[in-house]
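The sequence shown lines up with residues -19 to -1, 1 to 343 when you count with mature numbering (1 follows the signal peptide of the UniProt record, and there is no 0).
For the record, the hints were derived by calculation from the structure and aren't laboratory data.
Watch out, some of these pointers could steer you wrong.
Derived DSS-like pairs: lysine-lysine, alpha-carbon spacing no greater than 30 angstroms straight-line [to be verified]:
{"#": "1", "residue 1": "Lys212", "residue 2": "Lys288"}
{"#": "2", "residue 1": "Lys97", "residue 2": "Lys207"}
{"#": "3", "residue 1": "Lys102", "residue 2": "Lys212"}
{"#": "4", "residue 1": "Lys244", "residue 2": "Lys101"}
{"#": "5", "residue 1": "Lys333", "residue 2": "Lys112"}
{"#": "6", "residue 1": "Lys305", "residue 2": "Lys97"}
{"#": "7", "residue 1": "Lys97", "residue 2": "Lys244"}
{"#": "8", "residue 1": "Lys97", "residue 2": "Lys333"}
{"#": "9", "residue 1": "Lys169", "residue 2": "Lys259"}
{"#": "10", "residue 1": "Lys207", "residue 2": "Lys112"}
{"#": "11", "residue 1": "Lys101", "residue 2": "Lys114"}
{"#": "12", "residue 1": "Lys182", "residue 2": "Lys172"}
{"#": "13", "residue 1": "Lys212", "residue 2": "Lys169"}
{"#": "14", "residue 1": "Lys118", "residue 2": "Lys182"}
Quantities reported herein were computed from a predicted structural model and do not represent experimental measurements.
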Amino acid sequence: MKKHIKFLILFYVSALVAGLDIKNSIRKNRSILENSTESDPPDNGYYVEDNSEDTEEAGESEENKDSKLDENSNTNDPNKAEDSEKEKNNDSADAKEDPGEDEDDTEIITNIINGKIATKKEYPYIVQIFKAKDGKKFNFMCTGSLIGPKHILTAAHCGCDDNRNNLSPSNIRVAVGTVSRLKGNDVKLRKISKIIPLGYKQTPTNDIAVFELSSSVPSNEATPVKLYNYKILNSYTFDVAGFGLVDPVKGILPENLLKVEIKASSSRNCTEFGSGWKSNAGNQFCSENYNGNDSCQGDSGGPVTRKVLGRSYLAGVVSYGVNKNPKSNVDCGPNVISYYTRTSYFINEIAKAMQVSPRSLY
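All chains, full assembly: derive it from the sequences and hints.
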């Protein structure tokens, strides 16, 4: 009897310790997540020379400073529910399910981890974002999407420093409408005049920003993508595209734009590893990685799209991933929970930053 009681006591203590270990692991991941994003690839060897010819020099202008003030005044308190404007304007709050998507028969490239080569026809709005390294050299940093002749949608952390303050627009260059890595001066780089994060300073999970270009992009170079305006259900699949790492361990970047298919999820892991994530109806949506399909460093800000009646719509931008193994420092690939900033949640703020009507964006 004494042995039996002793065994039960040992069993209970062991279970209690194990439970504490699990809780500590979750807390650790949540703590990391507060400052976690799909980190920019450091010194990845992908540089371009500045050949931009825009006449407007985009320094830390008064106009851009005003945009920072606009960010603070035009976005919602992150601790409040969605504002009444979103509730009233149900068209911009994805009130309905979409009619479905078409099958994609793009050939899978076996030497890229679960990736497919994407074409200009599929992504005429794709944007490569570069940050000043030294002199006239700019290092590849993020991916983005053209959503208007003068506006790019990307992750806010692509335009901010570690303290979530805006970078100077003069330190950013973009290449619009090309699905290959740039070589020499084969593609014109463009300057931006404004960086407009949408509540990122107050709330890290509001990882979305509008970049305003110094000049409009001609339609023969690139065409904007429309925003997705439907619910996100667990059965829905999406394509994620970017120029980010195909091997996070070796730091290998692709020669071409790649895409992978992911599926929306609302599993318990989405809650455990997501800082503030409650459902896919909020400012983020979640995807749990079972087959290795994922975005990676350098894909930050890249498009997450879904086809509706044969046309692709921008449902989100790549934000960050969290490995379920607290000892791992690899935040993409198998065993990772990925989070994407949901565009329709911010459609009114995006429209305000662009000075257009929300309805014109979808």
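Consistency of the hints with the structure:
Simply put, Lys212 and Lys288 have alpha-carbon atoms about 13 angstroms apart, close enough for the 30 angstroms limit, and the pair holds. Restraint check for Lys97 and Lys207: the C-alpha separation of about 22 angstroms stays at or below 30 angstroms, so the hint holds. The straight-line distance between the Cα atoms of Lys102 and Lys212 is roughly 26 angstroms, inside the 30 angstroms bound, and the hint therefore holds. For a cut-off of 30 angstroms, the pair hint linking Lys244 to Lys101 stands: about 23 angstroms separates their Cα positions.
Annotation: proposed proximity of Lys333 to Lys112 holds, straight-line Cα distance about 26 angstroms (limit 30 angstroms). Taking the CA atoms of Lys305 and Lys97, the gap is about 26 angstroms. The hint holds against a cut of 30 angstroms. About 16 angstroms separates the Cα atoms of Lys97 and Lys244, which keeps this hinted pair within 30 angstroms; it holds. Proposed proximity of Lys97 and Lys333 is contradicted: the alpha carbons are some 35 angstroms apart, above 30 angstroms.
At roughly 42 angstroms between alpha-carbon atoms, Lys169 and Lys259 are farther apart than 30 angstroms, so this suggested pair is violated. Annotation: proposed proximity of Lys207 to Lys112 holds, straight-line Cα distance about 26 angstroms (limit 30 angstroms). Our distance criterion of 30 angstroms between C-alpha atoms is met by Lys101 and Lys114, whose separation comes to about 28 angstroms. Restraint check for Lys182 and Lys172: satisfied, since their Cα atoms lie roughly 23 angstroms apart, inside the 30 angstroms limit.
Simply put, Lys212 and Lys169 have alpha-carbon atoms about 37 angstroms apart, too far for the 30 angstroms limit, and the pair is violated. The straight-line distance between the Cα atoms of Lys118 and Lys182 is roughly 28 angstroms, inside the 30 angstroms bound, and the hint therefore holds.
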